[in-house]
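Peer 1: The chain contents come next:
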Amino acid sequence: EAGVAQSPRYKIIEKRQSVAFWCNPISGHATLYWYQQILGQGPKLLIQFQNNGVVDDSQLPKDRFSAERLKGVDSTLKIQPAKLEDSAVYLCASSYKQGRLVNEQFFGPGTRLTVL
Amino acid sequence: GIQVEQSPPDLILQEGANSTLRCNFSDSVNNLQWFHQNPWGQLINLFYIPSGTKQNGRLSATTVATERYSLLYISSSQTTDSGVYFCAVNTGFQKLVFGTGTRLLVSP
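These protein sequence lines are chains A and B, in that order. FYI, in this note's numbering the residues of the first sequence are 33 to 148. FYI, in this note's numbering the residues of the second sequence are 266 to 373.
Honestly, I wouldn't trust all of these hints.
20 Å max Cα-Cα, derived DMTMM-like pairs, lysine to aspartate or glutamate [as the list claims (entries may be wrong)]:
id : chain 1 : residue 1 : chain 2 : residue 2
1  : A       : K76       : B       : E332
2  : A       : K103      : A       : E117
3  : B       : K319      : A       : E136
4  : A       : K129      : A       : D106
5  : A       : K103      : A       : D88
6  : A       : K47       : A       : E117
7  : A       : K76       : B       : D292
So the derived label-pair ranges between C-beta atoms look like this [said to hold, decoys possible]:
id : chain 1 : residue 1 : chain 2 : residue 2 : range
8  : B       : R287      : A       : N83       : 34 to 40 Å
9  : A       : N83       : B       : G281      : 46 to 52 Å
10 : A       : E46       : B       : A282      : 17 to 23 Å
11 : A       : I44       : B       : N283      : 38 to 44 Å
12 : B       : N295      : A       : G60       : 19 to 25 Å
Please keep in mind that the hints were generated in silico from the structure rather than gathered at the bench. Just so you know, even glycine gets a beta-carbon here, dropped at the ideal spot from N, CA and C.
Could you put the whole structure together from the sequences, leaning on the hints where they help?
Peer 2: What follows is the structure, encoded as C-alpha cells:
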C-alpha cells in the first residue's frame, strides 16, 4: 500500500514570505496529523484532523500558521509570514481510527523548510 | 503534560554488537510506538507495542506499562542501523508525544 505522501521535500524562503506544504495520507486513514521537528528534537504535534474536522490545534501558532483538510483526504499547512524560528522539518502522519481504538501512526518523508 | 525520557542519549557501537535502548514515561499511556529516523529524516515504524514483547528480525521490544517503561533491543548491529531512535506515546485522542531520542552510530 502507498505511504503518506508530502510535497515539496525541500523549501527555502526568506523571512516574512509565505509557504505551503501538502500531504496525502494513506488511503482509508481518517486521522491526519501535522508535526514540527526542530533540529535535534523529537517531532511535536501542531494539529490533528479527524476527517475534515480539527481535533487538536492547541500547539498551532494561529497568528501565522493555518491548516485545512477540506474534503477529509489531503491537507495543506500554511505559514504566513514565516519567521527564522520556523526552520524545521514538517512531518505529516496518518492513522486509521476505529471507534475509540488508538491506532498506529505512519509518517511521510517530511518537508525541510529553511527560512533565511 | 507527560514526560518521555530516553537513554542513553548517544551510543556508538562496533558492527555486530548488541544494545538496549530505554524509554521511560511519567504517566499512563494508551499505546507506545518505536521509530527509527534514518539519516534522510524518514521516520520508520519499528514497533507498535502497548504492552508485552514483540520481535522483528534483529530487533525486539518490550513494554511494561505498569512500570512505565519500554526497551528496544538491537542485536548484531549493522551500519544501516545508524540514526536516531524515538519512542512515542499516545496519551488519549491519539496524540503522540515523542521522547528525547537516542542517537546511534554503528561503525564498520
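Peer 1: For which of the previously enumerated hints does the structure constitute a violation, in increasing order of number?
Peer 2: Violated: hints 1, 2 and 10.
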